[in-house]
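With chain D fixed as given, assemble chains F and G onto it according to the hints.
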Amino acid sequence: MKEISELNLPADLFYSDDHEWVQRTGETIKIGISDYAQDQMGDIVFVEMPDIGDTFKKGDEFGTLESVKAVSEVFIPLSGEVVTVNAALEDAPELVNEEPYASWIIEIRPTVESEYDELLSRDDYLKLLQG
Amino acid sequence: MRYLPHTKEEIEEMLAVTGHGQLKELFAHIPENCRCQGEIDIPGPLSEWDLTDHFQSLAANNLASSARAVLLGAGSYSHHIPEIVRNLMSRSEFLTAYTPYQPEMAQGTLQGIFEYQTLTTRLLGMEVANGSMYDGASALAEALLMALRIARKKHTVAISSAIHPHYRKVVYTYLQAASFKIVELPVGRDGRTDCSGLQNIDDLAAVALQSPNFFGVIEDLETAALKIHAADALFITCFSEPFAYGLLRSPGASGADIVCGEGQSFGMSQSFGGPGLGMFACRKKYQRNLPGRVVGETVDLEGKRGYVLTLATREQHIRREKATSNICSNQGICALTAAAYMASLGSTGLRRVAKLNYDKAAYFKNGLIQTGAKLLFSGQTFNEFVLRFADDFKPARKRLLAKGIVAGIELSDFYKEYEGAYLFCVTETVSRTILDEVIEELRS
Amino acid sequence: MTHGPGISGLILEEPLLWEKGKKGRSAFSMPDQDVPEATVGIDENLLGDGPDFPDLSEVDVVRHYTRLSQWNFGIDSGMYPLGSCTMKYNPKINEKIAAIPGIVTSHPLLADELSQGALQIMFELQTFLARLTGMDAVSLQPAAGAQGEMAGMLIFAAWFRKKSEKRSKILIPDTAHGTNPASAALCGFKPVQLKSGADGILDAKTVTELMDDETVGIMLTNPNTLGLFEESIREITAIVHEKGGLVYGDGANMNAVMGMVDFKRCGIDIMHLNLHKTFSTPHGGGGPGAGPICVVDELKDFLPVPRVAKAGNTYHLEYDCPDSIGRLHTFFGNFGVLVKAYSYILSMGAKNLKKASQLAVLNANYVRESLRDVLYLAYDKPCMHECVFSDKMQQEHGISTLDMAKRLIDHGYHPPTIYFPLVVPGAIMIEPTETENKDDLDQFIDVFKDVAREASEDGERLRQAPTRTKLRRLDETQAARKPCLTG
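Chains as they are written, first to last, in the numbering used here: chain D, 84 to 214; chain F, -14 to 429; chain G, 15 to 501.
Note that these hints are calculated values from the structure, not bench results. Glycine included, every Cβ here is placed at the ideal spot set by N, Cα and C. Mixed in with the good hints, there may be bad ones.
[As the list claims (entries may be wrong)] Every beta carbon over 12 Å from chain G, so not counted as near; a handful from chain D, in silico:
(1) V168
(2) S197
(3) L203
(4) K210
[Said to hold, decoys possible] List time: in silico DSS-like cross-link candidates among lysine-lysine, alpha-carbon distance up to 27 Å:
(5) G:K395 / G:K278
(6) F:K212 / D:K141
(7) F:K9 / G:K452
(8) G:K37 / F:K340
(9) G:K180 / G:K110
(10) F:K212 / F:K139
(11) F:K154 / G:K257
Chain D extracted, bound-state conformation:
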């Protein structure tokens, strides 16, 4: 597994305590898992995604990532409605390992604007990882 210094943590993204990353593009937000999270999981073999139109409250489980012998839930860092899921991951879940920041899992339209301010910056997230 990677040392913390080896992790790729882009500065233009926001992060959550549960190791998701968040990228804002206009009115919608893309959500994926961080380099740290994919590294901890090992070879990801399946990504279970919600249906388009599903709505979640901040902290809800919105899907799961599976490795050969483990399942990890992914939690939504912001309340919202799912507008797209990344269909490419259905056939190529390994993309989450290979390019964690290109491989967003869902795109949502956030419903509680203020939650955006509660996310972690790169530096705050790094601090969290360093414990």
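Below, chains F and G without anything else, positioned relative to chain D:
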């Protein structure tokens, strides 16, 4: 005792290593108030010969020891089992192995189950199958639970009342704890399930039919599929007699989404109802919702083809309380037996034996009808059918039993409304002589 | 270097069934067509062409399965110390007995008076299992341990429903089998994990803290999955009963305590047994098994139907049990498995069953003492029928439990259970069972010592293992990413 290999000296040597004086000291930490009081009252030990005598005398108290023919199926069928199937499946490398957790030393079991899954999908016209469930009944219950998982937000299932009554009971047991609703669909005069009321059932996740059903009647699965899918529900079909698919259109080709049933007919003895084999197959898009063990193909370090247990993340040891089922085994040797049986038959053999079942059942049915019996249902049948007799059938049935022939079973044991009707089964194992004898008995 | 029995042998290739055969071959002795061929009176739209199965000759089928069997390892091949699975010898005589024609051809739906032999076997087995556990009533219907657990959880639910109490949580220790939470969840209960103490067993205080009137009770395994007896079991069950709860005991590890522990005295209300573990019936590469449940008197009305009972000198099936949780199996459970277990019990008698447990515990403690210098012992206290080590001492050389397990294969041993229980990281759980003799144990111990030593001297050899098998390590990631479940 020959299963306990320790000599007295060895026990002493081993106790010296563990630091105990006597065997009972190994249990010293078990509190006194948890212990057995006195010796357990169990007979034995019996020698191999006494044991065999004991069981021979028990067996003599079963009709099976003296019966000439049992013209009864209802979920448990008498078919010929080739000697090679018995013989190969008693090989201890298969029989005394555990679940194949270490694939490098279990390729026999794993390839065998992979072949079983494949032949099962070909038989049922489906895309994927699991490594098997306990029996037909629990397979149906698990299929309904699977459909409820796929449908996510719906809580109601409909099951045909022509499904084996015991399967339905098991479904109630499995679904009772959660707040799922079960609706039973009525049967028409043709003995087929009446699907006309589906549109009136709210919140419907799945509909289950059995074909041939408990009355032996072949359901029109294709038409049912249209109605069920129109109601936005998943279509589950089940079966108790897989031989039927040697002749009939497969459930997959008829539009089913999940197919399950009992595989006992494929090489397992009736053995008072168990062990049997819960066969289970579905469309590929639902494969990650499958319950139970699944074997998949992969390669080893050197690129050679091999097999492993896969999709384990669905299962209880990883997903714990969120698993797709609590099952943590399959019917291993029974699945392998069914595969060896299907392989022994081949396409040609399966069709021939299925046709022979049909021919013999048709011969018997027509013979009985000529004595004045009437079909209870107008629907077409495979190797089971229901008849009602002009006179009381009981005395004739009793006379036949005295001659070692079990002539059907009373349908009112399962359906009170069908008083006086009897369910019969004829397979390839019953000779024409027996069938003629029964027909003759009724004529007189 | 010590050698186990494993050396390289001649391994024959064998393709998949459908990669061989020719249309028109047959391995089935075709019965006579002694009735006229009927024209099929079935509507065209219901008929099919039949499946695409390969047509094979008898010799094709025989060679196929013989070769497949040679790639497998069973108890008859060698030592199979798979913890929690009780891989003891499966006596041959039991197979012969279960195949006696009057037993094996019995139809399950004949009238009771025509099935007296079968019913007697079931009734007596129920009686023996009740006496062995100390419990009052038994149902043989569950087809496996997991179905037994489910039956037990359904009884929990039925009990509280009858008392009109709404309870939703259940306590499950971290040393429980993985099936336990899944079985409880299937019946609508929310599992609450109990942490075992520093000594590997449950502290009664932990139970006191969590047991409340919203909790149906506790589901525990005794001896637990660390191979340790829950010494506070009486206190724990008293606490649960005090709060109106029930106690479920997973009896998977019964092989440690036959004739020694009375589960009813321990305060257990429901327990299941695994006949394919303790009572020697073969595992069949995954099944069939049997998981009878045993209950105390107060719960016997909830057992699955039908129940087997005796009146005078005859046996019958009882269906009229209004409180019953219902039916779990198409017929009466895995009867063929029950016959073998009943035969085993009679072969052994009470005295030898008790002796079997004593020797199973002796073997485990012997292995534990003999390997403790080379493998890290997770809990340093006497064990029951299995002992749990870990790879802690090998980790510094970059060698894991998996590597050692795979290396054992090259030596001709089935590896122990690995990475379970979860409370011990890198767990190596060894259950030798009573049917292994001292010579074979000594050889296994010597081999394992060498493997542990190789970890520091020749790690690569372990990481590459096994090399003597038909196939090397298999790619499980590919299998799960791109599932190929049929050919």
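(message) So if I understand the rule, the pair passes when the alpha-carbon distance is 27 Å or less; does F:K212 with D:K141 pass?
(response) Judged against 27 Å, a Cα distance of about 40 Å means the pair is violated.
(request) Evaluate the condition: distance from the CB of D:K210 to the nearest CB of chain G exceeds 12 Å. (result) Fine: 27 Å to the nearest Cβ keeps D:K210 off the interface.
(request) Below or equal to 27 Å on CA atoms is what counts here, so check F:K154 against G:K257. (result) Roughly 33 Å separates the two Cα atoms, so the pair is violated.
(request) With 12 Å as the threshold, tell me whether D:S197 passes as away from chain G on beta-carbon distances. (result) The claim holds: D:S197 sits with its nearest Cβ about 32 Å from chain G, beyond 12 Å.
(message) Checking one constraint from the list: CA of G:K180 to CA of G:K110, max 27 Å. Satisfied?
(response) Measuring from Cα to Cα gives roughly 49 Å; hence the hint is violated.
(message) Checking one constraint from the list: CA of G:K395 to CA of G:K278, max 27 Å. Satisfied?
(response) Given pair G:K395, G:K278 holds - Cα atoms ~26 Å apart, limit 27 Å.
(message) Check whether the Cα positions of G:K37 and F:K340 lie no farther apart than 27 Å.
(response) holds (18 Å)
(request) Could you grab the alpha-carbon distance between F:K212 and F:K139 and see if it respects the 27 Å cut-off? (result) holds (18 Å)
(request) Classify the label on D:V168 as holds or violated, using whether its beta-carbon is more than 12 Å from each beta-carbon of chain G. (result) holds (18 Å)
(request) Compare the distance between the alpha carbons of F:K9 and G:K452 with 27 Å, and conclude whether the hinted pair is satisfied. (result) holds (19 Å)
(request) Confirm or reject the statement that D:L203 sits farther than 12 Å, beta carbon to beta carbon, from all of chain G. (result) About 29 Å separates D:L203 from the closest Cβ of chain G, which puts it past 12 Å; holds.
Going through the hint list in order, the structure does not satisfy hints 6, 9 and 11.
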